[in-house]
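Following the hints, position chain F against chain S.
There are 2 protein chains.
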Amino acid sequence: MNTEQSLSSLLPKSWYNLVPELDFKIPKPLHPVEERLASVEDFNWLWSSEALRIEFLQGEYASNPWIDIPQPVLEAYSQYRPTQLYRARGLEKHIGTRAEIYLKREDQNPAGSHKLNTALPQAFYAKSDKGVTTLVTDTGAGQWGSALSMASSRFGLATKVFMTRKSYDDKPYRRFMMRMTGAEVYPSPSSITRLGRQLLEQDPDQPGSLGIGMSEAIELVRSSQDHRLALGCMSYYAVLHQTVIGIETKMQLEALSRRPTYLLGCVGGGSNFAGFIGPFVKDKVGGSNMTFVACEPENIATLTSGDYRYDWADYGKHTPRISMYTLGHDFQPPKIHSGGLRYHGKTPVLSALVKNKIVATKTVSQPSVFEAGQILLKTEGILPAPESSHAIKAALDIASNANAQDVIVVCLSGHGYLDLKGYADELSLE
Amino acid sequence: MNTEQSLSSLLPKSWYNLVPELDFKIPKPLHPVEERLASVEDFNWLWSSEALRIEFLQGEYASNPWIDIPQPVLEAYSQYRPTQLYRARGLEKHIGTRAEIYLKREDQNPAGSHKLNTALPQAFYAKSDKGVTTLVTDTGAGQWGSALSMASSRFGLATKVFMTRKSYDDKPYRRFMMRMTGAEVYPSPSSITRLGRQLLEQDPDQPGSLGIGMSEAIELVRSSQDHRLALGCMSYYAVLHQTVIGIETKMQLEALSRRPTYLLGCVGGGSNFAGFIGPFVKDKVGGSNMTFVACEPENIATLTSGDYRYDWADYGKHTPRISMYTLGHDFQPPKIHSGGLRYHGKTPVLSALVKNKIVATKTVSQPSVFEAGQILLKTEGILPAPESSHAIKAALDIASNANAQDVIVVCLSGHGYLDLKGYADELSLE
Numbered sequence: 000m001n002t003e004q005s006l007s008s009l010l011p012k013s014w015y016n017l018v019p020e021l022d023f024k025i026p027k028p029l030h031p032v033e034e035r036l037a038s039v040e041d042f043n044w045l046w047s048s049e050a051l052r053i054e055f056l057q058g059e060y061a062s063n064p065w066i067d068i069p070q071p072v073l074e075a076y077s078q079y080r081p082t083q084l085y086r087a088r089g090l091e092k093h094i095g096t097r098a099e100i101y102l103k104r105e106d107q108n109p110a111g112s113h114k115l116n117t118a119l120p121q122a123f124y125a126k127s128d129k130g131v132t133t134l135v136t137d138t139g140a141g142q143w144g145s146a147l148s149m150a151s152s153r154f155g156l157a158t159k160v161f162m163t164r165k166s167y168d169d170k171p172y173r174r175f176m177m178r179m180t181g182a183e184v185y186p187s188p189s190s191i192t193r194l195g196r197q198l199l200e201q202d203p204d205q206p207g208s209l210g211i212g213m214s215e216a217i218e219l220v221r222s223s224q225d226h227r228l229a230l231g232c233m234s235y236y237a238v239l240h241q242t243v244i245g246i247e248t249k250m251q252l253e254a255l256s257r258r259p260t261y262l263l264g265c266v267g268g269g270s271n272f273a274g275f276i277g278p279f280v281k282d283k284v285g286g287s288n289m290t291f292v293a294c295e296p297e298n299i300a301t302l303t304s305g306d307y308r309y310d311w312a313d314y315g316k317h318t319p320r321i322s323m324y325t326l327g328h329d330f331q332p333p334k335i336h337s338g339g340l341r342y343h344g345k346t347p348v349l350s351a352l353v354k355n356k357i358v359a360t361k362t363v364s365q366p367s368v369f370e371a372g373q374i375l376l377k378t379e380g381i382l383p384a385p386e387s388s389h390a391i392k393a394a395l396d397i398a399s400n401a402n403a404q405d406v407i408v409v410c411l412s413g414h415g416y417l418d419l420k421g422y423a424d425e426l427s428l429e
Numbered sequence: 000m001n002t003e004q005s006l007s008s009l010l011p012k013s014w015y016n017l018v019p020e021l022d023f024k025i026p027k028p029l030h031p032v033e034e035r036l037a038s039v040e041d042f043n044w045l046w047s048s049e050a051l052r053i054e055f056l057q058g059e060y061a062s063n064p065w066i067d068i069p070q071p072v073l074e075a076y077s078q079y080r081p082t083q084l085y086r087a088r089g090l091e092k093h094i095g096t097r098a099e100i101y102l103k104r105e106d107q108n109p110a111g112s113h114k115l116n117t118a119l120p121q122a123f124y125a126k127s128d129k130g131v132t133t134l135v136t137d138t139g140a141g142q143w144g145s146a147l148s149m150a151s152s153r154f155g156l157a158t159k160v161f162m163t164r165k166s167y168d169d170k171p172y173r174r175f176m177m178r179m180t181g182a183e184v185y186p187s188p189s190s191i192t193r194l195g196r197q198l199l200e201q202d203p204d205q206p207g208s209l210g211i212g213m214s215e216a217i218e219l220v221r222s223s224q225d226h227r228l229a230l231g232c233m234s235y236y237a238v239l240h241q242t243v244i245g246i247e248t249k250m251q252l253e254a255l256s257r258r259p260t261y262l263l264g265c266v267g268g269g270s271n272f273a274g275f276i277g278p279f280v281k282d283k284v285g286g287s288n289m290t291f292v293a294c295e296p297e298n299i300a301t302l303t304s305g306d307y308r309y310d311w312a313d314y315g316k317h318t319p320r321i322s323m324y325t326l327g328h329d330f331q332p333p334k335i336h337s338g339g340l341r342y343h344g345k346t347p348v349l350s351a352l353v354k355n356k357i358v359a360t361k362t363v364s365q366p367s368v369f370e371a372g373q374i375l376l377k378t379e380g381i382l383p384a385p386e387s388s389h390a391i392k393a394a395l396d397i398a399s400n401a402n403a404q405d406v407i408v409v410c411l412s413g414h415g416y417l418d419l420k421g422y423a424d425e426l427s428l429e
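One line per chain: the protein sequences are S and F, in this order.
For the first sequence, the positions run 0 to 429 when numbering that gives the first Met the number 0 is used.
For the second sequence, the positions run 0 to 429 when numbering that gives the first Met the number 0 is used.
Since the hints were derived computationally from the structure, they do not count as laboratory data.
Wrong hints could be hidden among the right ones.
Same chains, same label: a pair holds when it works inside one copy or across any pair of copies.
Taking lysine-lysine pairs in the DSSO-like style, the calculated list, with each CA pair at most 30 Å apart, reads [to be verified]:
id : residue 1 : residue 2
1  : K377      : K12
2  : K377      : K420
3  : K126      : K316
4  : K377      : K129
5  : K12       : K92
6  : K420      : K356
7  : K356      : K27
8  : K92       : K129
Chain S extracted, bound-state conformation (with noise of 0.2 Å):
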């Protein structure tokens, strides 16, 4: 039944707590300049205290897998989760496949993403500090900007968003939802910060990207005491929030009496992928067979070309350097419709995944993603983001050649809909 009532047995009481359970270990976070760990006093000025307890894995977060989902959070969630898991029977006909083909639906979300998962724990938490106002974030095509200005004023906090200038000018949509919902936006780089300033002066045309915008939070956050940070991805506490999306998923699966054979998501920073797999790891080194597959443009190949090194996650070298693959923090990203997957590294404990070879990765060039999107569309009604779109394509070409006894399920992070510029462009539509 699709009401409250019949669903809430099915909504995640807690969020997993990967990291406890892998049997390697994360590099932990090193100090932005000087050469020892990052510890939690040097950033008490950007994080709420939850998550700077999450980011450096104290109390609780050291050890227990399962992580209590607060009361009022659980409320918020219980108005749009579980999102559905859909069988995409129109796809799986026009593929001509023998597979089975699913998608877990955070295209439907408030928002309209996966983002509002990790936004509204993030608002709940930073509201709990004493004299916390307001959240400063960047963007890049405005999902997270969205969700998380959603959750502030749910909460009660204002927001203050970078957001990526080619999104910004591209996607005035966006834009709207936001001030809609009460938040302050500025195209990133602006002209409110130091840095911003800087480049504009360099550049004035200058597209900005997510680790551009990520400096100008921080510059603001650390020159306004009632001000915190909030990411919608890199950081561990967004990976840990996604995982209810994995969680369910695996839940509706066996009620369906169905195994994953492959479990595909897009990765910009990699959040909503790591938490769609996250609950799977376990089950996969205990032998499980299961693919895992981080999809990503073929232009910002960071996953399948990139280095596993330290990086900072922002431009400007604010943030603590961790341990992930990189194409570097100064790298400049091209100018793709995917607004949202701008970005030069991938969080650590996906990053570290990948580095042990549970996860695989597949790169998508951006033609074949708009053209997988309009397939979904013609075969299912379902507009993607360009960026889910990604995993849409990945997984047209898995489908191909799959067995009958696959079983493909793919995380739709979001909807198309004000996507559709970018889609007209790349199709040719007038």
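Just chain F now, with coordinates in the frame of chain S:
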């Protein structure tokens, strides 16, 4: 369980045929120009044979209140139905009401609105007629055109859409959606019909209307033997198919042990609203304390201040004359942002329900509509179509003075992601 398996038992297998159940008669359609009843033979060039049987209430439609949904349509429905009945706790809290508010989530359907519910059977039935290759239609905001294009593509038909020029210009994303799914889209008035050329000659900036688009569609069908007309509203078949909304709502409320006291929806032609309340009419007539409220724009207040009389459904006087509330077939609707409501008439069955005082009406101003949509976005993360926001505004007003026992149910007919320019204009967002 939010998966196909557990939901299938809640998917209606029949539509509800309201007319034979009413204790009054709906005046029969008249010939467009001759002083006699219209007949099936007058229109077999225009509509598919099944559409004609419904429109003229022949065969089982004459007396059977339950009409089997054909298996291929049922399969298509099962991909997205039943839709969620969503308890809007955030909205309730914002208003401070003691009543409960539920939203029937047709906005999450493929193509973004209730329209797919009738597009699918219309395409299926047209395809069943030998020699038919193409469905032709008009669309306002583009919700209907997108849905028809998807449905036609599913059943192997082509689609041609006359899109009201104002919406064509204001809502480029909608025409992209239609073209992505394979439709040919013409701004209406267009240069491909005689009527269109004539209107453009008189006024090259003619913004169009649904009545003009319908006339152009009919003109094209008349000149092409393998084309048939599809209509997103006004026709009784559209109302019949939309009763899946009401049937599901009734079952979902029963599962929650709730009795509705208010059922609200917006009305353009009236099909989503009539399909929503249809299955509840007998209960109300039988004595249940239930108020049905049809919500319309204050400057296109057909039900509230139009005449109840025979009139044409289209500007060019090609359709049967039908008994309805109307502002006149040549009414030039003002350029409001809710393109789906820019129409002069209301479907006969709904008009008769209003005439017989079974349905109440309410007019809503354009600014208050967009404010109501913003409130829903802020409190629930749901962005309604401006059309649907008419009903949200009415629900806000009713809930403000409601009792604790009241159960207010709103048909959320479509999402507003492609209407963000309208929101930005009305709410002065940059």
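Hint-by-hint comparison with the structure:
1. K377 - K12: between (36 Å within a copy, 25 Å between copies)
2. K377 - K420: Both, since 17 Å and 25 Å are each at most 30 Å.
3. K126 - K316: within (27 Å within a copy, 62 Å between copies)
4. K377 - K129: between (50 Å within a copy, 24 Å between copies)
5. K12 - K92: Cα proximity of K12 and K92: across copies only (23 Å, versus 36 Å in one copy).
6. K420 - K356: For K420 and K356, the Cα distance exceeds 30 Å both inside one copy (37 Å) and across copies (46 Å).
7. K356 - K27: within (20 Å within a copy, 71 Å between copies)
8. K92 - K129: Intra 55 Å, inter 25 Å, cutoff 30 Å: inter-copy only.
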